[in-house]
Amino acid sequence: MSDLSAQLASSLPENAGVQPEWLKVIRSAGAEQFRARGLPTRKDEAWKYTGLGALDKDGIELASGMTIPYSGKTHPSPLAESQLQLDLLDGQILAQIGEVPAGLTVLSLTEALTSEVKGLQALLESLADKHPKGAAGRGFSALNSATLDSGVYIHVAAGTDAGRLCLIWSTSQVDKALLFNSRVCVILEQGAKLELLEQFESPAENANTSNVIVQAELGEAADLRHIRFQQESESAVLITRTEVSQQLNSEYAYYGFDLGGGLVRHDVHTSIVGSGAKSAINGAYLLDGKRHVDNHVRVDHFATGGISDQYFRGVAGGSGRAVFNTAVCVHPGADGTEARQSNANILLSTRAEIDTKPELEIYADEVIASHGATVGQLDELAVFYMRSRGLTEQAARQLLTTAFCQSVSDRLADPVLGAVIAQRMMDVMPEAD
Amino acid sequence: MSIMLKITDLHARVAGKEILKGLNLELEAGEIHAIMGPNGAGKSTLGNVLSGREGYEVTQGEVIFNGKNLLEMEPEIRACEGVFLAFQYPVEIPGVNNTYFLRTALNAQRKYRGEEPLDSVGFLRLVREKLEVLHIGDELLHRAVNEGFSGGEKKRNEIFQMAVLEPTLAILDETDSGLDIDALKIVAEGVNRLRSKDRGMIVVTHYQRLLDYIVPDKVHVLADGKLVATGGAELALKLEDQGYAWLEDGGIATLKADATAQTANP
Numbered sequence: 001m002s003d004l005s006a007q008l009a010s011s012l013p014e015n016a017g018v019q020p021e022w023l024k025v026i027r028s029a030g031a032e033q034f035r036a037r038g039l040p041t042r043k044d045e046a047w048k049y050t051g052l053g054a055l056d057k058d059g060i061e062l063a064s065g066m067t068i069p070y071s072g073k074t075h076p077s078p079l080a081e082s083q084l085q086l087d088l089l090d091g092q093i094l095a096q097i098g099e100v101p102a103g104l105t106v107l108s109l110t111e112a113l114t115s116e117v118k119g120l121q122a123l124l125e126s127l128a129d130k131h132p133k134g135a136a137g138r139g140f141s142a143l144n145s146a147t148l149d150s151g152v153y154i155h156v157a158a159g160t161d162a163g164r165l166c167l168i169w170s171t172s173q174v175d176k177a178l179l180f181n182s183r184v185c186v187i188l189e190q191g192a193k194l195e196l197l198e199q200f201e202s203p204a205e206n207a208n209t210s211n212v213i214v215q216a217e218l219g220e221a222a223d224l225r226h227i228r229f230q231q232e233s234e235s236a237v238l239i240t241r242t243e244v245s246q247q248l249n250s251e252y253a254y255y256g257f258d259l260g261g262g263l264v265r266h267d268v269h270t271s272i273v274g275s276g277a278k279s280a281i282n283g284a285y286l287l288d289g290k291r292h293v294d295n296h297v298r299v300d301h302f303a304t305g306g307i308s309d310q311y312f313r314g315v316a317g318g319s320g321r322a323v324f325n326t327a328v329c330v331h332p333g334a335d336g337t338e339a340r341q342s343n344a345n346i347l348l349s350t351r352a353e354i355d356t357k358p359e360l361e362i363y364a365d366e367v368i369a370s371h372g373a374t375v376g377q378l379d380e381l382a383v384f385y386m387r388s389r390g391l392t393e394q395a396a397r398q399l400l401t402t403a404f405c406q407s408v409s410d411r412l413a414d415p416v417l418g419a420v421i422a423q424r425m426m427d428v429m430p431e432a433d
Numbered sequence: 434m435s436i437m438l439k440i441t442d443l444h445a446r447v448a449g450k451e452i453l454k455g456l457n458l459e460l461e462a463g464e465i466h467a468i469m470g471p472n473g474a475g476k477s478t479l480g481n482v483l484s485g486r487e488g489y490e491v492t493q494g495e496v497i498f499n500g501k502n503l504l505e506m507e508p509e510i511r512a513c514e515g516v517f518l519a520f521q522y523p524v525e526i527p528g529v530n531n532t533y534f535l536r537t538a539l540n541a542q543r544k545y546r547g548e549e550p551l552d553s554v555g556f557l558r559l560v561r562e563k564l565e566v567l568h569i570g571d572e573l574l575h576r577a578v579n580e581g582f583s584g585g586e587k588k589r590n591e592i593f594q595m596a597v598l599e600p601t602l603a604i605l606d607e608t609d610s611g612l613d614i615d616a617l618k619i620v621a622e623g624v625n626r627l628r629s630k631d632r633g634m635i636v637v638t639h640y641q642r643l644l645d646y647i648v649p650d651k652v653h654v655l656a657d658g659k660l661v662a663t664g665g666a667e668l669a670l671k672l673e674d675q676g677y678a679w680l681e682d683g684g685i686a687t688l689k690a691d692a693t694a695q696t697a698n699p
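Quick mapping for you: the protein sequence lines, in order, are chains A and B. Following my numbering, the numbering of the first sequence begins with 1 at its first residue and continues without gaps. Following my numbering, the numbering of the second sequence begins with 434 at its first residue and continues without gaps.
Check before you lean on any hint, since a few could be wrong.
Said to hold, decoys possible - Pairwise CB distance ranges, derived in the manner of DEER restraints: (1) B/551 - A/96: 41 to 47 Å; (2) B/547 - A/360: 54 to 60 Å; (3) A/368 - B/493: 56 to 62 Å.
None of these hints come from the bench; they were simulated from the model. Each residue gets a CB set at the ideal place from its N, CA and C atoms; glycine is no exception.
Excised from the complex, chain A in its bound form:
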């Protein structure tokens, strides 16, 4: 175990007085697992291309609770208007802006854990069982469970359209690097609908690590749109894991936009357990400098007639490095499944690197599956065409790469938010060298 893992293990919180009892069990199991395995290393298959050197450099401290007084710096402004906005600092709710519509329950996780709210215990207990490959490489999840006490609980009652809920994540700027854990639990009852817009943007340069797990349970015909936009500082570390379970005819759509962050890792996993459920998992990542973004996506089809569609676009310049791993598993009995995987990348620099790997396992009949992964350069003829009309070479390249990534924001089918994100992408678009 690395020094860092040992240091984190020794600073895990005491569980003696934790209530309720089932929470104590979850936390103890997490602590035990973390003490045994520590943080993932490159020896773990799922972390082969992503090292944690960025964390190790100067050590890191486990933060529990909002121990640092809020510096008063303005919280980042939201990308778009929403029904309800939660400003989170260091993994805890700092402010709630807007009205809570009828049928929507939003609580701090701390409060929810002691309030016997519907479905929470089962949802939290289910995390450990979710991944078929077991606990390997799950050190961050173990750490998150071992410290489980802060985050957000969201419940949408049957048949309710709760509109857009915005979570604005941010961390404090202090003179040491801190690791924050937080958990978001989303439960959508039958026919419920929600758009969850997560925005990760710290107001100042910091080397903090945010370790966030989102767990969502989608009831029959429920509809969750999940947008995650991050423009963290160059040295910030962002680790997320998203676990979604989908019942009959439910729909889950994920749109991830990675425009910043020094080291970023997203694990997105959906389980289609009800027939006819749909999962659309989309993402765009733009890297330059020495930034590293790793997306691991997995869809498990357990039920008949499910549809999954993965669509990721990436641009890497400088010494940026992107990892994209997509896996689809169509389990026995999941007949009539449709699964698509598409990942295209543009390399703008000889030092940049992109590792993309599609995996597909099919154990059912009547399955339609397709996958494609490409890494290429910009179309030089298109660059010339644009220059011949008066655009500078830089402007031409910027427009081309933005258009490439904009195909992801276009998938939002929301002209307002799509345009805001497209502009943000254009502003940070890496340049060729």
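Following the hints, position chain B against chain A.
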């Protein structure tokens, strides 16, 4: 009349192979010159060299455009100085909206000339005006640049871009290729409407057909990297009638004699 474009002894190579071998041409403002010639003569190379495409290496000669050395300029500077190439194969640019692209291009050129950028309202007004003149519908505006366009749509889009950008020198590289007769008429009409005393045009074409609709002031024959004959509009008819084969072995001399006679006796 002033000389707008003066090409002197132009030699150019593509992939190590010499394509242009001493081309001379003078174009006056207000004139339309047609350049015809057999396959492989260097017609498209000329357009690409003039617009500054990478991979086209000029080894000798010079090109003076409005008193400036054109060959020293980057492609975008040439565009801003007023050079426009209508591509033989317009490039598809997925995801980039046609209107947005054209406005960005126009504003880049306006900026170069020290003019204020056009806002979207002002730009749309200009676009409507041009579409009306060219008898083109607005269906091309909302799509990505050339993406999924038919051959005719692509060529119309080139003419439309030309109308909006209002270049001083327009080079049309086989704009007629792949067009049916109706599309050809639309393109030719567009070109004719852009004829003006301040604008020079070079129309590169394989067939005489286009010249029924765009009547050139001069016709040049390009063969093996050089202009081998120059004449009036009638020269195109002769080429249509007799093909290019007669250019070899003395044909040029005959043609030159004809051309001289025609010039002397207008």
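Evaluation of the provided hints:
1. Taking 41 to 47 Å as the suggested C-beta distance range, the pair residue 551 of chain B and residue 96 of chain A conforms, at roughly 44 Å.
2. A C-beta distance of roughly 57 Å is found between residue 547 of chain B and residue 360 of chain A, which places it inside the suggested range of 54 to 60 Å.
3. Taken as a hint, the range 56 to 62 Å holds for the pair residue 368 of chain A and residue 493 of chain B, whose Cβ atoms sit roughly 59 Å apart.
Of the numbered hints given earlier, the model fails none.
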